[in-house]
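Peer 1: Chains as they are written, first to last, in this note's numbering: chain A, 4 to 70; chain B, 20 to 204.
One or more hints might be untrue.
Claimed, not checked - Cβ-Cβ distance ranges computed for the label pairs, FRET-style:
#1 GLN21/B with SER49/A: 51 to 59 Å
#2 THR203/B with LYS56/A: 47 to 55 Å
#3 ILE182/B with GLY41/A: 52 to 60 Å
#4 VAL35/B with ILE19/A: 29 to 37 Å
#5 LEU66/A with ASN125/B: 46 to 54 Å
#6 SER49/A with LEU188/B: 51 to 59 Å
#7 TRP38/B with GLU23/A: 18 to 26 Å
#8 LYS16/A with LYS110/B: 49 to 57 Å
#9 GLN121/B with GLU23/A: 25 to 33 Å
#10 LYS16/A with GLN21/B: 37 to 45 Å
#11 VAL69/A with ASN125/B: 26 to 34 Å
#12 SER49/A with LEU40/B: 26 to 34 Å
#13 ASN125/B with GLU23/A: 35 to 43 Å
#14 VAL69/A with GLU120/B: 42 to 50 Å
Bear in mind the hints are in silico, worked out from the structure with no lab data behind them. Source: prediction; values computed, not measured. All C-beta atoms, glycine included, are put in the ideal place defined by N, C-alpha and C.
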Amino acid sequence: MPIIVNLDVMMAKRKISLNELSEKVGLTLSNLSILKTGKAKAIRFSTLETICKVLNCQPADILEYVE
Amino acid sequence: MQITITINHLLKVFEVLAWILFLGLSVEVGALICNTVITLFFNTNGVQHFWDEPKYMAQLITTNDYHFVVIASNMIIVGVLKSIMFYLIIKLLSGKQFNMEQPFNNILKNFIQNTAILCLGIGIFASYGSNYAISISKQGYPTPDIQALHIGGADVWIFMSIILFLIKLIVHKGIELQNENSLTI
Numbered sequence: 004m005p006i007i008v009n010l011d012v013m014m015a016k017r018k019i020s021l022n023e024l025s026e027k028v029g030l031t032l033s034n035l036s037i038l039k040t041g042k043a044k045a046i047r048f049s050t051l052e053t054i055c056k057v058l059n060c061q062p063a064d065i066l067e068y069v070e
Numbered sequence: 020m021q022i023t024i025t026i027n028h029l030l031k032v033f034e035v036l037a038w039i040l041f042l043g044l045s046v047e048v049g050a051l052i053c054n055t056v057i058t059l060f061f062n063t064n065g066v067q068h069f070w071d072e073p074k075y076m077a078q079l080i081t082t083n084d085y086h087f088v089v090i091a092s093n094m095i096i097v098g099v100l101k102s103i104m105f106y107l108i109i110k111l112l113s114g115k116q117f118n119m120e121q122p123f124n125n126i127l128k129n130f131i132q133n134t135a136i137l138c139l140g141i142g143i144f145a146s147y148g149s150n151y152a153i154s155i156s157k158q159g160y161p162t163p164d165i166q167a168l169h170i171g172g173a174d175v176w177i178f179m180s181i182i183l184f185l186i187k188l189i190v191h192k193g194i195e196l197q198n199e200n201s202l203t204i
């Protein structure tokens, strides 16, 4: 898929672990893992909004389009 | 005291009913095969032990073996296909493969597809058998009770097969939607 999820990059920049993010965002670890590994087929705006709020970033920092 | 009937209770009832019907049909088919083999190869008086329309079958065997074989084999094939259908239902229900939380899966899709194929087979053989019985009745043979020979209702089986094929297509789409939904974060 040409959309790449850079969640791990943002997590490393903010020095936040997967467990911590999972607690703050309110998503299960397995769902976050699916998102992080790029296996997810879609992401809800509400989820994206919460992740951006917690990581203090823009959606473009997490999602990237590559040809 | 309030009694609540859950889906699991209903599935259990269906499983018991499917077992009863499967056993009944298997016994009937076994008896039909035994009677046909005995009548054809050992003793023509065995035809009197046919449960369905023994007089009609006796008339066929005494006048023309070929007509007897065609009608009896159609009855056997229809019975076997019905038994296989109930076996598939038992396999689905007793194997705990039916999950109401996520009902759309490949097991259900394959079950519906196989049932549709079996229904089509029953419809084709029942139609051929009943049309054959009607055609030979024009040659002077008696007209049998098609329902008693268990080869009636061919059009209903074919209609059911078409409906099941449509349901299979819907389930196929359901599997895609369910997979997409489970991967939506």
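Peer 1: For each hint, tell me whether it holds in the structure or not.
Peer 2: Hint by hint, here is what the structure shows:
Separation of GLN21/B from SER49/A is about 38 Å and departs from the stated range, judged on CB atoms against 51 to 59 Å. Between THR203/B and LYS56/A, the C-beta spacing of about 20 Å breaks the proposed range 47 to 55 Å. Distance hint check for ILE182/B and GLY41/A: the Cβ-Cβ separation is about 40 Å, which falls outside the suggested range of 52 to 60 Å. Against the hinted window of 29 to 37 Å, the Cβ-Cβ separation of VAL35/B and ILE19/A comes to about 55 Å, which falls outside the hint.
Taking 46 to 54 Å as the suggested C-beta distance range, the pair LEU66/A and ASN125/B does not conform, at roughly 31 Å. Here the CB-CB span from SER49/A to LEU188/B is close to 33 Å, at odds with the stated 51 to 59 Å. TRP38/B and GLU23/A have their C-beta atoms about 53 Å apart, which leaves the hinted 18 to 26 Å range violated. For LYS16/A paired with LYS110/B, a C-beta distance near 53 Å keeps the hint of 49 to 57 Å intact.
At about 30 Å, the beta-carbon gap between GLN121/B and GLU23/A stays in the expected band of 25 to 33 Å. At about 57 Å, the beta-carbon gap between LYS16/A and GLN21/B misses the expected band of 37 to 45 Å. The hinted range of 26 to 34 Å is satisfied by VAL69/A and ASN125/B, whose Cβ atoms lie roughly 32 Å apart. Checked against the hint of 26 to 34 Å, the C-beta distance between SER49/A and LEU40/B comes to roughly 49 Å, which is inconsistent with it.
Hint check: ASN125/B to GLU23/A, Cβ distance near 38 Å, so the stated range 35 to 43 Å holds. Our hint of 42 to 50 Å for VAL69/A and GLU120/B is violated, since their Cβ atoms are close to 36 Å apart.
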